[in-house]
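S.K.: The lines below spell out each chain.
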Amino acid sequence: MLVNCVVYQNGKKLADIPKEDIHLYLNEPDCFVWLALRDPLPHELNDLQREFGLHELAVEDAHHGHQRPKLEEYGDSLFAVMHTIEVVGNGLRVGEVDVFVGKNYVLSVRSGSEQGFANVRSRCEREPHLLRQGAGFVLYALMDAVVDHYFPAIDALEDELEVVEKGIFSGTPARENIEALYAIKQKLMVLKHAAGPLHEAAGKLYGGRVPEICAGTQEYFRDVYDHLFRINQSIDSLRDMVTTAISVNLSLISLQENETTKRLAAYAALVAVPTMIAGIYGMNFKLMPELQWAFGYPLAVVVMVAIDVYLFFRFRRAEWL
Amino acid sequence: MLVNCVVYQNGKKLADIPKEDIHLYLNEPDCFVWLALRDPLPHELNDLQREFGLHELAVEDAHHGHQRPKLEEYGDSLFAVMHTIEVVGNGLRVGEVDVFVGKNYVLSVRSGSEQGFANVRSRCEREPHLLRQGAGFVLYALMDAVVDHYFPAIDALEDELEVVEKGIFSGTPARENIEALYAIKQKLMVLKHAAGPLHEAAGKLYGGRVPEICAGTQEYFRDVYDHLFRINQSIDSLRDMVTTAISVNLSLISLQENETTKRLAAYAALVAVPTMIAGIYGMNFKLMPELQWAFGYPLAVVVMVAIDVYLFFRFRRAEWL
Amino acid sequence: MLVNCVVYQNGKKLADIPKEDIHLYLNEPDCFVWLALRDPLPHELNDLQREFGLHELAVEDAHHGHQRPKLEEYGDSLFAVMHTIEVVGNGLRVGEVDVFVGKNYVLSVRSGSEQGFANVRSRCEREPHLLRQGAGFVLYALMDAVVDHYFPAIDALEDELEVVEKGIFSGTPARENIEALYAIKQKLMVLKHAAGPLHEAAGKLYGGRVPEICAGTQEYFRDVYDHLFRINQSIDSLRDMVTTAISVNLSLISLQENETTKRLAAYAALVAVPTMIAGIYGMNFKLMPELQWAFGYPLAVVVMVAIDVYLFFRFRRAEWL
Amino acid sequence: MLVNCVVYQNGKKLADIPKEDIHLYLNEPDCFVWLALRDPLPHELNDLQREFGLHELAVEDAHHGHQRPKLEEYGDSLFAVMHTIEVVGNGLRVGEVDVFVGKNYVLSVRSGSEQGFANVRSRCEREPHLLRQGAGFVLYALMDAVVDHYFPAIDALEDELEVVEKGIFSGTPARENIEALYAIKQKLMVLKHAAGPLHEAAGKLYGGRVPEICAGTQEYFRDVYDHLFRINQSIDSLRDMVTTAISVNLSLISLQENETTKRLAAYAALVAVPTMIAGIYGMNFKLMPELQWAFGYPLAVVVMVAIDVYLFFRFRRAEWL
Amino acid sequence: MLVNCVVYQNGKKLADIPKEDIHLYLNEPDCFVWLALRDPLPHELNDLQREFGLHELAVEDAHHGHQRPKLEEYGDSLFAVMHTIEVVGNGLRVGEVDVFVGKNYVLSVRSGSEQGFANVRSRCEREPHLLRQGAGFVLYALMDAVVDHYFPAIDALEDELEVVEKGIFSGTPARENIEALYAIKQKLMVLKHAAGPLHEAAGKLYGGRVPEICAGTQEYFRDVYDHLFRINQSIDSLRDMVTTAISVNLSLISLQENETTKRLAAYAALVAVPTMIAGIYGMNFKLMPELQWAFGYPLAVVVMVAIDVYLFFRFRRAEWL
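Protein chains in written order, with numbering that gives the first Met the number 0: chain A, 0 to 320; chain B, 0 to 320; chain C, 0 to 320; chain D, 0 to 320; chain E, 0 to 320.
Treat the hints with care, since some could be wrong.
Because identical chains share one entry, a pair is satisfied inside a single copy or across any pair of copies.
Derived pair list, reagent style DSBU-like, types lysine-lysine, alpha-carbon separation capped at 30 Å [said to hold, decoys possible]:
1) K69 <-> K203
2) K11 <-> K261
3) K165 <-> K261
4) K12 <-> K102
5) K69 <-> K102
6) K203 <-> K11
To be clear, the hints were calculated from the coordinates, so they are not data collected in a lab.
Please model the complete structure; the sequences and the hints are all you need to start from.
M.R.: Printed below as a string of structure tokens:
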């Protein structure tokens with residue numbers, strides 16, 4: 000589905016144009032076309048492939064989707080795959096944006112994501128002095144928008160972890176904690192899958208040899224690179240904390256088992272000792288003087304109770320009960 | 000076994016030739032011979048060694064097989080060892096491809112792998128403008144084909160892990176989970192063994208000093224390098240998840256033990272308390288008024304049952320049962 | 000809230016000026032204005048944005064607060080976000096300092112921190128030959144002051160860890176140890192969040208391409224960089240020790256469980272054996288000669304006690320009791 | 000003990016010479032002496048020190064032995080310490096080779112190792128065009144021979160690990176597995192101690208600034224460097240697997256404990272329930288009608304057996320027995 | 000306390016001089032003063048600060064002591080902080096050496112360490128051709144002496160670990176093992192604290208931009224750097240082994256618990272079964288023929304014993320006892 004198709008010259012919007020008129024503008028000086036597609040049908044992509052001379056392999060990747068994030072150069076043009084991350088309820092929704100960038104065109108193909116790029120476009124149009132730098136700047140703007148959505152995802156995971164941490168020490172069932180921690184870890188892996196390769200890709204867009212399209216916007220990509228660096232660092236910190244939290248939780252499980260064992264043993268003692276006494280007075284010796292006492296029976300019961308009361312308080316003092 | 004032997008000039012296929020005619024073409028300009036062998040007999044390799052002047056050490060490695068992936072320069076020629084990975088049922092089948100590359104020849108020796116390179120050859124022949132770059136491009140095409148097969152292997156392992164993860168939290172026996180996780184870890188190590196050294200080897204084929212044969216195809220090798228980078232990153236992520244899953248599984252085992260202990264203790268209590276009461280009324284005191292009651296016995300039984308019912312519900316409420 | 004606003008020329012303080020007079024000095028040669036704000040209201044920042052031409056994005060970050068530490072270049076000016084760390088009782092209080100630096104101004108915005116920068120200013124004023132280097136030197140002085148407060152935080156954590164370590168081996172309840180260790184780990188993560196990105200940021204301010212404002216003070220930033228390097232190394236060492244301490248604690252818990260089990264078993268034996276003997280003499284066989292003995296009963300009791308005494312000492316010797 | 004002492008010119012062996020004649024050849028052009036010592040006496044080394052002008056510190060190290068692998072430059076000469084590794088039965092035998100290399104001499108001192116270097120010498124002599132490159136090439140040949148022996152050591156450890164892995168899942172006693180895994184880990188550390196520093200040392204012998212003696216053989220040292228890179232990578236992979244195997248083994252121990260507990264509890268139940276029933280019919284109530292029944296006793300026994308049979312099958316079904 | 004104060008010219012000792020005469024020599028060509036202090040009083044340092052123009056911050060650090068190892072440049076002069084490590088009994092004694100180095104002076108301040116530098120001085124004096132290189136060489140000599148003492152510390156820790164490793168598998172109480180392992184880990188952290196930052200500091204003294212004082216002695220500092228590299232690598236290896244040993248120990252604890260549980264269960268069975276039989280014959284059924292048998296009682300006892308003997312051997316065979 001074509002979302003929109005606009006032609007820009009010298010950083011200013013010239014016109015919304017129908018797809019069919021694209022070729023009219025491709026050879027204009029300082030001019031580029033910016034198309035946005037969403038979940039496109041095969042033939043839509045194929046038409047544009049012919050129009051812009053997109054590389055076959057890149058188009059194939061865009062058709063298939065489910066690519067790992069990457070940045071590939073095909074001659075003068077670039078093909079970028081990015082993962083969009085949205086926090087949806089308790090989970091992360093991963094979408095994909097494939098961006099084809101050439102000297103005079105930018106084509107973004109979005110799939111599986113609610114997050115549109117209308118605001119990226121309007122922000123770009125508000126800053127014609129930047130947009131004048133051409134298609135490379137649009138790539139930056141898109142990448143920046145994608146990366147900016149990683150931060151709230153990390154913040155959400157940090158909050159989630161904080162809740163679990165509190166739960167660990169305040170008695171939330173250990174199983175719940177483990178499941179929550181593992182879920183956080185899985186989401187961190189999703190984030191890492193998105194941010195890790197993109198970090199590496201962004202590193203190719205500033206300093207050293209840089210694709211010509213991005214040469215004028217290097218400093219912007221350095222900025223994105225820095226953001227991704229911080230994001231990856233946060234992910235690593237979180238992973239470390241999750242690992243620690245899991246092992247702390249395990250310690251607490253063992254501890255709890257220890258306490259369970261003690262408590263059970265205490266209760267067992269409270270039952271076993273009277274049983275032993277009862278057993279003794281159940282013996283059939285002919286001569287057991289106590290058995291003849293008038294108060295033998297109540298006395299035996301009193302002794303049993305007394306011993307249990309004594310044991311109970313001792314166990315309580317030792318914090319077994 | 001000779002699979003095929005073709006001579007190319009300026010990127011176009013000249014002819015299928017018998018092995019004996021190779022020497023006729025070796026000094027033609029812009030011409031190279033591409034041979035594919037499969038599980039060759041020693042004398043086959045030795046013949047070709049003389050023909051192309053292959054380095055003794057490299058040929059020895061190819062004879063022996065079971066080499067770690069590597070890339071070695073012998074004067075102007077290259078010798079590459081790569082591991083092919085195929086997903087076969089529940090496992091990974093590892094094969095080996097040894098590639099000798101010189102100015103005017105490419106010799107690939109394949110063993111232990113079902114995966115042929117016929118499609119690599121036909122793809123190359125469809126793109127004569129690329130194949131014109133010579134033997135270095137063929138090395139790239141082979142390497143690319145090998146590496147492309149690593150992705151499905153990783154995807155398969157990711158799927159496998161997902162299944163185990165679900166099993167962990169939904170009650171699959173812990174032993175099965177452990178065995179599955181360890182098996183995944185082992186396969187990851189197989190993949191790492193294939194992809195790790197190859198990543199390092201690919202790094203020698205672009206940027207900085209590059210073997211002359213590959214000088215014109217540097218950008219392609221950079222592409223392979225990037226793929227391997229992403230593959231290695233995925234392997235590391237997966238290893239990390241497997242480690243976490245193992246420790247989560249351990250936590251769950253401990254937890255289960257905890258629960259087993261509690262349940263056992265509860266049942267023990269249900270038996271121990273009546274036993275104690277029975278013990279008491281088994282004492283032989285002369286004066287135990289209850290013993291004389293008409294309803295003494297049924298009462299005692301009722302008390303036993305009542306206590307057990309009470310305990311049962313308390314345990315149930317405390318989730319011990 | 001404006002803390003103070005001073006104009007400097009050639010490294011010497013010219014005058015405390017009201018905010019309204021700033022524009023009078025901005026074009027003076029070798030002159031710069033140094034403003035300190037604390038928890039500013041939105042309009043205060045907006046006024047200054049207009050005055051100094053601060054970049055919109057940077058001002059927005061300062062409005063929002065809760066930024067990760069970073070250093071961003073906007074044209075000729077710099078925007079730095081740093082976390083201040085104060086040891087407060089048993090915890091760490093994290094504040095934020097945002098610094099805008101341009102050729103002729105330094106604007107520091109402090110929030111959530113008790114720690115002021117009055118001493119930074121007075122130290123700078125005592126060293127006019129350094130302050131002459133301009134706004135870049137002030138950035139250094141602020142950064143240095145922030146980083147210097149990280150050291151006592153690390154020392155405090157090292158002390159805390161030492162206390163816990165002693166506790167682990169001298170019988171502090173394991174749960175307390177775990178909670179303490181996890182708290183240390185959390186504080187280390189807070190420190191890492193402050194020091195890690197700042198380390199990376201400081202690395203941009205010396206060697207290689209350096210923002211012009213900081214060109215003359217590179218060596219100072221190298222010093223800050225070194226401090227941060229040592230801080231990060233200490234954090235990593237501490238994290239490693241905490242991890243080890245957690246796993247040692249787990250071992251000790253398991254060990255304790257082992258000992259608990261043994262002790263319980265020993266006590267159980269002391270009860271079970273007399274119970275068995277009593278059971279035997281409770282049997283109703285017609286012919287049990289012992290039952291007729293005059294000293295049968297006391298003998299049985301003596302045997303019970305004797306066995307228990309024997310067991311008791313055996314258990315004690317085996318260190319089960 | 001002097002193993003041999005040969006003088007080479009232009010890559011060809013001139014003569015076996017006695018130690019006393021060395022000085023006759025030291026100033027010949029394109030000429031170098033290659034001595035091999037084994038477990039030398041102090042005076043032997045001291046004689047040679049004077050002859051070749053070896054550095055005092057290096058000679059001291061060779062006297063003492065038990066050095067960590069390293070490469071040191073003393074003016075124009077090099078001093079290398081390498082660890083030889085041999086697989087001997089179930090263990091690794093570590094020897095040491097110290098090599099002094101100067102413009103016109105190579106002196107290798109071997110200790111604690113069965114593995115000689117006669118084959119290195121004969122291989123060198125078969126390739127005079129390589130040996131012509133002088134003493135640096137001999138250093139390479141020795142280093143290459145040492146490193147080549149690391150591969151079988153790694154293979155042996157991989158095989159050992161595989162055996163243990165199978166044992167873990169097929170019921171080898173856990174203690175045996177742990178001991179075996181720890182032994183593998185220790186051997187890996189021995190290997191790492193040998194290969195790690197040598198890897199770093201080899202890195203100094205190619206690219207960048209290279210000692211003059213090795214300048215002509217850089218590419219060879221790059222080869223050794225690559226081998227060591229692969230070896231170190233394999234060591235790291237193995238260490239990772241061993242760590243995982245240990246934690247998997249721990250999980251299985253916990254699991255086994257879990258199963259033991261269940262089985263014990265089941266057997267305990269099979270005894271406790273009849274005991275309870277017996278207790279009930281051991282009560283002394285006057286009115287217990289069952290006691291008067293002719294078939295009361297056999298009935299009670301039948302009930303006991305019936306309950307036990309029922310329990311037995313239930314436990315079996317739940318896989319507790 | 001002033002240990003000594005000597006003036007050198009052209010690498011040769013001129014004279015022992017009193018502190019008051021230092022200024023007489025400071026402007027002599029090729030001349031430098033080497034002072035050694037030990038636990039100096041504040042005024043001693045202050046005097047020298049004026050004499051040599053030491054930087055205030057460096058002097059302050061020296062006053063306070065307890066600095067992390069570091070190397071700081073103040074203009075043309077250097078300030079180095081190093082930790083000395085001595086193996087004292089079962090522990091490590093950490094001292095501190097602060098070294099101020101300028102063009103014409105070296106001032107070393109030692110505290111908390113028994114290890115003097117008299118032998119460094121005498122070694123330097125024996126090698127005037129080296130000492131001629133000036134104050135930078137003295138810094139090297141001191142650093143080298145400090146670093147050389149790290150090796151025996153590592154060796155001691157390796158030996159300690161070996162003892163514990165043997166203990167783990169041969170039955171030393173697990174608690175002792177854990178404490179010993181943790182103590183080793185703590186000492187490794189002390190070593191790492193000393194060697195880690197120093198490694199980084201040494202890296203600034205060779206290659207790239209080097210402080211002028213050390214320019215002529217770069218190669219020596221590279222040597223120290225290499226030593227520190229090996230030391231840090233050994234520390235990391237040891238830390239890894241300690242971590243593994245801790246987890247192996249935990250496995251063995253779990254295993255032992257498993258065995259304890261089994262043994263207890265076996266003994267419990269030996270008591271429980273006779274108790275059950277006794278219970279059965281303690282029932283009060285009117286018609287229990289066995290009770291009337293003349294040999295009923297002995298038979299019952301024989302049955303009990305027989306079952307216990309049978310169980311005992313079965314348990315023994317299953318290695319539960």
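S.K.: Checking against the hints above, which ones are violated?
M.R.: The structure conflicts with hint 2 only, although it agrees with all the remaining ones.
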